[in-house]
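Colleague: Chains as they are written, first to last, in our numbering: chain A, 877 to 1561; chain B, 14 to 731.
By construction, these hints were calculated from the structure, which means they are not laboratory data. From the three backbone atoms N, C-alpha and C, an ideal C-beta is built for every residue, glycine too. Among the clues, some could well be false.
Going by beta-carbon spacing under 8 Å, a handful of chain A positions derived as facing chain B [as the list claims (entries may be wrong)]: (1) 1247; (2) 1248; (3) 1517; (4) 1521.
Pair by pair, the computed Cβ-Cβ distance ranges are [to be verified]: (5) 175/B / 1150/A: 34 to 44 Å; (6) 1151/A / 343/B: 15 to 25 Å; (7) 712/B / 1478/A: 46 to 56 Å.
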Amino acid sequence: MGEFKVHRVRFFNYVPSAIRCVAYNNQSNRLAVSRTDGTVEIYNLSANYFQEKFFPGHESRATEALCWAEGQRLFSAGLNGEIIEYDLQALNIKYAMDAFGGPIWSMAASPSDSQLLVGCEDGSVKLFQITPDKIQFERNFDRQKSRILSLSWHPSGTHIAAGSIDYISVFDVKSGSAVHKMIVDRQYMGVSKRKCIVWGVAFLSDGTVISVDSAGKVQFWDSATGTLVKSHLIANADVQSIAVANQEDSFVVGTAEGTVFHFQLVPVTSNSSEKQWVRTKPFQHHTHDVRTVAHSPTSLISGGTDTHLVIRPLMEKVEVKNYDAALRKITFPHRRLISCSRKRHLLLFQFAHHLELWRLGSTVATGKNGDTLPLSKNADHLLYLKTKGPENIICSCISPCGSWIAYSTASRFFLYRLNYEHDNINLKRVSKMPAFLRSALQILFSEDSTKLFVASNQGALHIVQLSGGSFKHLHAFQPQSGTVEAMCLLAVSPDGNWLAASGTSAGVHVYNVKQLKLHCTVPAYNFPVTAMAIAPNTNNLVIAHSDQQVFEYSIPDKHYTDWSRTVQKHGFHHLWLQRDTPITHISFHPKRPMHILLHDAYMFCIIDKSLPLPNDKTLLYNPFPPTNESDVQRRTAHAFKISKIYKPLLFMDLLDERTLVAVERPLDDIIAQLPPPIKKKKFGT
Amino acid sequence: MASLEEEFTLSSAVLSAGSEGLLGVEQSSKTDQFLVTDNGRTVILYKVSDQKPLGSWSVKQGQIITCPAVCNFQTGEYIVVHDNKVLRIWNNEDVNLDKVFKATLSAEVYRILSVQGTEPLVLFKEGAVRGLEALLAEPQQKIETVISDEEVIKWTKFFIVFRHPVLIFITEKHGNYFAYVQMFNSRVLSKYTLLFGQDENSVIESFTASVDRKFISLMSLSTDGCIYETLIPIRPTDPEKNQSLVRSLLFKAVVSGNTRHGVAVTVLDQDHIAVLGSPLAASKECLSVWNIKFQTLQTSKELPQGTSGQLWYYGENLFMLHGRSLTVIPYKCEVSSLASALGKLKHSQDPGTHVVPHFVNWETPQECGLGAQNSEQSRRILRRRKIEVSLQPEVPPSKQLLSTIMKDSEKHIEVELRKFLAIKQTPDFHTVIGDTVTGLLERCKAEPSFYPRNCLMQLTQTHVLSYSLCPDLMEIALQKKDVQLLQLCLQHFPDIPELVTCACLKIFLSIADDSLQETDVNMESVFDCSNSVHDEKMEEQTEILQNGFNPVEDECNKCDQELNEEPQAKTKETTSCPVIPKRAALLNAILHSAYSETFLLPHLKDIPAQHITLFLKYLYFLYLKCSENATLTLPGIHPPTLNQIMDWICLLLDANFTVVVMMPEAKRLLINLYKLVKSQISVYSELNKIEVSFRELQKLNQEKNNRGLYSIEVLELF
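Start from the sequences and build out the full structure, keeping to the hints where you can.
Modeller: See the structure below:
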């Protein structure tokens, strides 16, 4: 089938940022996740938990609160005191508005979705009116003594609960005055702590206020009388987050020990109408602080310092016990952070604020399957390119010839020319970028490195001609009138004639680069595109979707290929469809036109189109190497050749006919770089 | 979970109950209202939720009410009988009973029965039954006699089964009980003789009955304190014939048998019954709710002022006379939920709740469900009963065995027991075995000469006994120095306390050799040491003992030399077993038994020093035998393990070191043990050194797997 030398790279020192907030939108079944570096990611829970959009972070913009309002508008607020609204179509920030109350710690949208409430460092609670295109300050509530760390609306919208340090206030929304002040006990296991921080509050429609605090307590208060009803001590450390289900029959809290507790409202006895809150299930999916939790109708969602986003379906709410009912742990972004120069064997790594360029080593030895070959030359770290400014890098790319590097932040586009003189590298920035090349969502070089394709966040696609250190803007494909949807993925054919671009929801557009016009649009599919590539010679566009379907579309003929139709008719193997990470990269073998190479985070696969497709009864993947010749015969019986040796696999590409490069990022290496977790006493330690 | 709620008193002053109690409490047409008839002249209508009387009616001075007032549910009127024959019917508006409708009947009325949905029935003392309408149409009609002379109606109940009224009444004649079932749709009266089974001389105190589709389940509380159940078929197979019914034991001794006070039982629902009476002879009277299915006490309530032994249950209320006042205790049986049990113990159990202290058999199904299987079974039981009727009611073998135990000779008991054990295990096997052992041991205690050794051994080998079930068994065996039985107990009981283990050890060590020879001890744990020694050389043995380690020169060699002075003695000591095989077998049983060090240590101190030495010698011998082969095990079927041997050596030395160290004859042994420990320590230190090297190797191996940050590998895809 194929023997490759694999450059197994583990020096991509990528550490995801810790998760700070999650916000679940019931209407669209989407989840917004903000990280400590200010990045905001949007996951589509209906589309196999695919991370379909992201907003790059910013050094000074630490988000402390995230919420959906007015349907599907997304707001965040942070310690720089600004409230930000995101444009989910163009994938940029619509506006940022200073709340003038110092750092913002909390934010909550009103049940009617028309008002936004923020809690500030100076103890003020500010009410904003959401207008169709902006937000407008309305008024302040009674100023409190210390910062407002948590806010919750009563479902009727008449009252709010605000958690502060050592107490919880209940405000009347109409008058803006505090109705009750409920003092939280500082005592912690008999010892009086310095302060008791109310990390989260939740206001239920029956008037109960649930609070979680730094003393490890979950407390139930009666807001009408301002009295403590019940207290659960659940952790030795802080309880940092709370989320209540819409039906108010269950809620979830997350602790600094990494435990998530599920509370449910259950009848005291069966058939009785009297119900009480009972702590039902503890989940320990995190090693570090659970900074935030969310409660979707069918699952508990949690995230925290250990950077994993954990989606734990509630078995009692899942109707069909299929693979969707399984626990999901999302650690790596669903986009490419690595690009490679095939010609010069270079890898470009993208980090939040810098780029690294590495040259792969080489070997002269040969070996059999599984051997590690002695290196004649080790990998070199060639370049460390730090960005200017506080903004995170959105995307980056190195040209196949290795002489161009381009990257973009939210406001600037950078292009560098690299000159290689023996072992020295000469880096030169191409200055005077045109004004329209301000920010790019995706950058791609043509195979011969003479053209640069840039997907800007305004929906336009720019083609730039590169020649010997200078550039020339050739053309811009403007988006169809009326749409501003940004293009996130680009693919160019090896002959440079075709350019395919895909947005987050609409279909894939194919442009003719020679004639500079739209050639065709691939029929829209329900699930977002996760990766695509155009095959050499045939110009077949291979598209992978988040539901793990793979399509092959013939660009010249403008229809799906026969193989693709056969696959759709036959259906994929059930284990193939049950993979939980999306395919992030597709490439082709220059000498074997029937092969498609693709990978997700846990497997690398070569699809051989000439072989029959596996049905559900055949073994999709056999981890053991074949023992004899007949075994090889039997194994090669189906089209999917899978290897799961490299994981978690962030990038895999073909360097030449017999060489692959695989970039792995072992989870242990990430954990080693996280701050130490809260030490828990274990038996015998 | 069934529970009794807080009681409340309906009235204290109004009723002139007297010592005989009330005549009756009956439902009225309105829920929550009840007719209470006292033993004299008064009928009172109570509203229970308000705890107050709504109306009160009395008959004239000189007249006496003989039958509790009931309500005619069809008309809403009340009916009462005074002076046995005079029937009065009135309603709420009437004030004076003298002025209401009156009918004088030709025969004495036992009771008027009324249930919802049908007309009231009048049961005459002679057993005849009439509908009220028919009777009132012609009050002076002739009433036939159904039951024989001297037969007295004891209890009656009226059911509606499939919309047909069914009347059951129980009569008694010279200590024999008869049940009559009258079907009103077919006008069939069937008579059954109630057989007592084995316990002939108990008197039934109280009856209650419930009905399912095919059977009336009649429960009776006897003077022996037990509740029996009799299933009476509603549709008789052959109404002409007099049939017999055997009752089966439902509960054992729920109330004390010999109380002076009255006892009463009533069915609450298909799983629960309420029993009024004192649970122990001396204690105060209690109302207790028992679960039939699980044979457990669900809840109970003490009634310190005493009761009249009468209990009525209507709706959700239990009525009884507590002291001199009519008391109502609401009864609730809520479906339990796991959440309530786990989340918060909202209805925490009463401290008084406890499990029946008898051998409960979980395997016997309780005949209480309505399922097809149950009815099937009942049918089978019925068929068996029919056979019994024709054959002469036979006592089950288990009961027979129990009665044998109490009276017969050892020989006879043994035969009976063997017979019982030969029958394939019956569902109540556990129960019977438990009862048998308890019976035997009680008799042993009572008669010092009685010691049914074979029986006890047979019972022990059934594997159903444990120490906690019959602590007396080992006590008696210890008294009798029955080492064989003790060995069996040690082998079969999982829960012997350390005190008893130690007492056994004492006996095993102290018993004379010749008396041991006579016993028949199980020898399977003892290997034949005679043949295993011959082919082994001493030199080899010491070498293996030291696990290939050559101990460095140290002070121990001195004692080694000292020992070597008597090579003959040493060889003899180490190769021959210090105890005879039978004693070895007994000691092995001790080694195998479970113990906890903390509890065993203090008792070990009580063993005399020479016995300790002997035991230590034996253990040391076992250890040497163990270390002879590579697997460190002893030959034989169920030998003591090396760990058990070492643990016991340590325990014995810990407990008695000061004593042993002073004994000259133990000196050699101690030196040997010291050497042994010394060499073991050296071996382990060597092993520790090796471990470091191994760890390095492992690290190297790991590095091989962990390829570092960058590598080029070959991948072949198939």
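Colleague: Run the structure past the numbered hints and jot down the numbers of the failing ones, going up.
Modeller: 7
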